[in-house]
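Peer 1: As a plain string of letters, each chain reads:
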Amino acid sequence: MDYFLTEQQKLIKDLARKIAEERILPVRAELDEKEEFPWAIVKDIADSDLFRIFIPEQYEGLGEGLFALCIATEELSRACCGVALTYATDALGTIPILLYGTDEQKQKYLPIIAAGTKLTAFGLTESGAGSDASAMKTTATLDGDDYILNGSKQFITNGGEAELYTIIAITDPTRGTRGASAFLVEKGMPGFTFGKKEQKMGIRASATSELVFHNCRVPRDNLVGREGLGFIVTMKTLDVSRPAVGALSVGLAQGALEAAVAYARERKQFGHPISALQAIQHMLANMAMELEAARALVYAAARTVDSGAKDFTEEGAMAKVFATDMAMKVTTDAVQVFGGVGYMRDYPVEKMMRDAKINQIYEGTNQVLRNVIALQLLKRKALRE
Amino acid sequence: MNIVVCIKQVPGTTEIKIDPDTNTLVREGIPGVINPFDCYALEEAVRLRERCDGKVTVISMGPPQAEEALREAISLGADEAILISDRAFAGSDTWATSYVLSRAIAKIADYDVIICGRQTLDGDTGQVGPELSEMLRIPFVAYVSKVEEIKDDYMRVQRMVEEGYETIEMSLPAVITVVKEINIPRLPSLRGSMKSKTVEIPVWSAEDIGAEANKAGITGSPTRVVKIFFPKREQKSEIMQGNLEEQIDQLMKKLEEIV
Ligand SMILES: Cc1cc2nc3c(=O)[nH]c(=O)nc-3n(C[C@H](O)[C@H](O)[C@H](O)COP(=O)(O)OP(=O)(O)OC[C@H]3O[C@@H](n4cnc5c(N)ncnc54)[C@H](O)[C@@H]3O)c2cc1C
Numbered sequence: 000m001d002y003f004l005t006e007q008q009k010l011i012k013d014l015a016r017k018i019a020e021e022r023i024l025p026v027r028a029e030l031d032e033k034e035e036f037p038w039a040i041v042k043d044i045a046d047s048d049l050f051r052i053f054i055p056e057q058y059e060g061l062g063e064g065l066f067a068l069c070i071a072t073e074e075l076s077r078a079c080c081g082v083a084l085t086y087a088t089d090a091l092g093t094i095p096i097l098l099y100g101t102d103e104q105k106q107k108y109l110p111i112i113a114a115g116t117k118l119t120a121f122g123l124t125e126s127g128a129g130s131d132a133s134a135m136k137t138t139a140t141l142d143g144d145d146y147i148l149n150g151s152k153q154f155i156t157n158g159g160e161a162e163l164y165t166i167i168a169i170t171d172p173t174r175g176t177r178g179a180s181a182f183l184v185e186k187g188m189p190g191f192t193f194g195k196k197e198q199k200m201g202i203r204a205s206a207t208s209e210l211v212f213h214n215c216r217v218p219r220d221n222l223v224g225r226e227g228l229g230f231i232v233t234m235k236t237l238d239v240s241r242p243a244v245g246a247l248s249v250g251l252a253q254g255a256l257e258a259a260v261a262y263a264r265e266r267k268q269f270g271h272p273i274s275a276l277q278a279i280q281h282m283l284a285n286m287a288m289e290l291e292a293a294r295a296l297v298y299a300a301a302r303t304v305d306s307g308a309k310d311f312t313e314e315g316a317m318a319k320v321f322a323t324d325m326a327m328k329v330t331t332d333a334v335q336v337f338g339g340v341g342y343m344r345d346y347p348v349e350k351m352m353r354d355a356k357i358n359q360i361y362e363g364t365n366q367v368l369r370n371v372i373a374l375q376l377l378k379r380k381a382l383r384e
Numbered sequence: 000m001n002i003v004v005c006i007k008q009v010p011g012t013t014e015i016k017i018d019p020d021t022n023t024l025v026r027e028g029i030p031g032v033i034n035p036f037d038c039y040a041l042e043e044a045v046r047l048r049e050r051c052d053g054k055v056t057v058i059s060m061g062p063p064q065a066e067e068a069l070r071e072a073i074s075l076g077a078d079e080a081i082l083i084s085d086r087a088f089a090g091s092d093t094w095a096t097s098y099v100l101s102r103a104i105a106k107i108a109d110y111d112v113i114i115c116g117r118q119t120l121d122g123d124t125g126q127v128g129p130e131l132s133e134m135l136r137i138p139f140v141a142y143v144s145k146v147e148e149i150k151d152d153y154m155r156v157q158r159m160v161e162e163g164y165e166t167i168e169m170s171l172p173a174v175i176t177v178v179k180e181i182n183i184p185r186l187p188s189l190r191g192s193m194k195s196k197t198v199e200i201p202v203w204s205a206e207d208i209g210a211e212a213n214k215a216g217i218t219g220s221p222t223r224v225v226k227i228f229f230p231k232r233e234q235k236s237e238i239m240q241g242n243l244e245e246q247i248d249q250l251m252k253k254l255e256e257i258v
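So the protein lines, in turn, are chains P and Z. Numbered by numbering that gives the first Met the number 0, the letters in the first sequence go through residues 0 to 384 in order. Numbered by numbering that gives the first Met the number 0, the letters in the second sequence go through residues 0 to 258 in order.
Honestly, the hints are just simulated from the structure, not real lab data.
When the alpha-carbon atoms are kept at most 27 angstroms apart in a straight line, the in silico DSSO-like pairs for lysine-lysine are as follows: (1) 196/Z to 9/P; (2) 42/P to 179/Z; (3) 196/Z to 42/P; (4) 194/Z to 12/P; (5) 9/P to 194/Z; (6) 42/P to 54/Z.
For the chain Z half of the interface with chain P, some residues (derived, Cβ under 8 angstroms), not all of them: (7) 185; (8) 186; (9) 187.
Covered by chain Z, according to a simulated footprint, are these stretches of chain P (three or more residues, beta-carbon under 8 angstroms): (10) 17-30; (11) 41-53.
Every value quoted in this text rests on a predicted model; they were computed, and no experiment measured them. By construction, the Cβ of each residue, glycine as well, lies at the ideal position given by its N, Cα and C atoms.
Required output: the full structure, derived from the provided sequences and hints.
Peer 2: Take a look at the structure:
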């Protein structure tokens with residue numbers, strides 16, 4: 000399929016693929032096994048300017064937008080979804096600054112993020128507040144020129160490794176969803192510590208940690224947008240970021256499909272390669288079709304965001320749900336094509352299947368996002384009546 | 000710190016063919032890459048620039064298509080590139096190549112360190128680095144595996160020898176050749192790749208660098224390739240028999256035979 004990439008986008012794709020093949024592929028099994036954060040690869044990604052893609056040119060970025068970010072994410076994820084998630088989450092943590100940051104905040108943080116020397120993260124979820132973010136308990140109270148944060152965040156990607164965190168906390172408990180605000184919290188601010196690092200089923204190269212705030216002082220200047228805008232910042236940020244989760248899944252599924260095709264040609268049973276069996280062929284054909292459909296949807300959603308459209312909640316949700324469900328199915332089928340060895344750690348597809356699952360859960364579970372899509376549909380219909 | 004890196008474009012390694020008539024490599028229609036050993040030289044130059052500022056200039060003597068290798072070097076972090084190309088250079092052996100490169104470097108004039116790979120993949124001689132230093136009359140160290148210190152007109156390096164390392168101090172400017180243990184070359188960067196597509200790469204001719212016609216190309220090349228082969232290295236072992244005295248006698252005899 001020709002997606003009409005510009006010269007620049009082709010360059011980004013080639014470079015991300017080179018990093019994936021030369022730096023990620025040789026170590027992905029080891030990173031998975033040891034549950035190790037891939038700092039050396041993060042440095043390679045930084046040196047290659049891939050962290051600059053998404054940052055505007057006036058802040059030392061390349062101003063290429065979400066579509067280019069998705070292309071890079073997809074290529075990295077083709078080799079390892081866990082490593083690619085580290086990269087994509089850096090964008091997630093940056094979006095609040097891009098959308099709502101003051102000029103001073105942008106000047107201060109974006110060039111560092113572009114250089115890739117420091118990673119970012121986004122902290123919304125709490126033990127009692129998952130799909131229902133409004134149940135959040137972390138508070139931020141104004142005290143002179145600082146806000147004082149108390150509470151904890153759970154399951155935060157890049158937690159412990161990132162230097163800059165966008166944290167959502169309640170500033171006015173009486174105002175419900177209008178009572179939350181977003182803050183830029185730096186690692187090392189007094190009162191900000193890390194709880195346990197989670198042990199996970201998949202994406203084990205990615206770090207997931209608890210963030211703990213105990214009378215943590217954050218300068219007032221680090222408020223993102225206005226007080227009370229916390230949930231708006233969150234919704235808009237996730238709207239922009241969801242196509243990137245789709246891209247993670249497209250890359251992951253691409254890796255699984257390629258592995259399955261290669262193995263089917265190699266493995267002989269009943270005197271022929273199993274690729275001669277129609278049962279296998281049809282499975283591969285379905286995998287390829289669903290993958291390409293997801294890719295087209297993800298690209299279209301990302302391009303919609305880049306076009307300057309105002310509202311793309313539905314597009315982002317569709318791209319995320321469709322691509323992540325597809326990747327779960329395609330990676331499961333890849334294990335099926337491999338048969339028994341597919342279940343073994345010596346082959347790459349069991350890891351891909353483990354990696355796929357999380358994508359259906361974070362950044363809005365696929366159930367919650369189906370609610371979102373349906374709500375948009377019904378609202379539109381109601382408006383026309 | 001101005002650093003000059005000499006690179007060569009060589010055929011992609013997978014499909015090397017040797018012309019039976021001339022005993023040299025067939026190059027036509029084979030995609031070129033930067034000589035792998037030169038990638039370490041380039042990387043070290045870029046790292047030195049990151050350590051102490053300055054500029055990395057990459058030069059290559061070769062046919063017009065060697066420009067591709069120079070563009071690749073820009074994407075890998077070099078600041079400038081110059082192609083040294085002239086029909087008169089065709090057929091140059093290492094001696095004539097070193098002469099041409101030394102003329103080009105003399106024209107660049109402002110240089111502190113010259114870095115080459117330890118050898119090329121196709122020629123395999125490892126001669127250009129040392130010859131270059133002779134012609135420029137500056138110090139030379141081969142097989143450098145670490146640059147320990149570098150400042151103004153002083154450099155201290157580690158070089159690999161068969162059983163360990165030597166530490167060598169030298170004054171600058173100087174020439175070094177590097178081994179692959181010295182670093183892990185980076186991948187291209189996006190900004191570098193973008194620059195590499197548009198950057199002007201000047202082409203210097205024999206006249207531009209003031210090269211004398213009889214010292215370059217075939218006429219300036221004393222080397223004739225007769226045959227390319229791996230020298231045979233034989234190892235034989237023999238266990239002496241008898242008591243200790245007898246064994247010593249036998250060993251002495253053997254040694255006398257050899258010497
Ligand atoms: C590896 C990992 C990384 C993560 N990274 C981050 C991060 O960087 N930042 C961050 O803030 N969070 C992060 N999260 C948290 C993640 O976004 C939440 O886990 C997710 O939103 C679901 O919340 P929950 O786990 O509390 O599940 P719950 O909300 O308890 O959901 C349990 C089940 O109920 C269903 N359900 C709940 N409500 C509804 C509803 N209204 N309609 C239909 N079904 C519903 C869900 O779909 C799910 O199947 C991460 C989680 C994991 C596991």
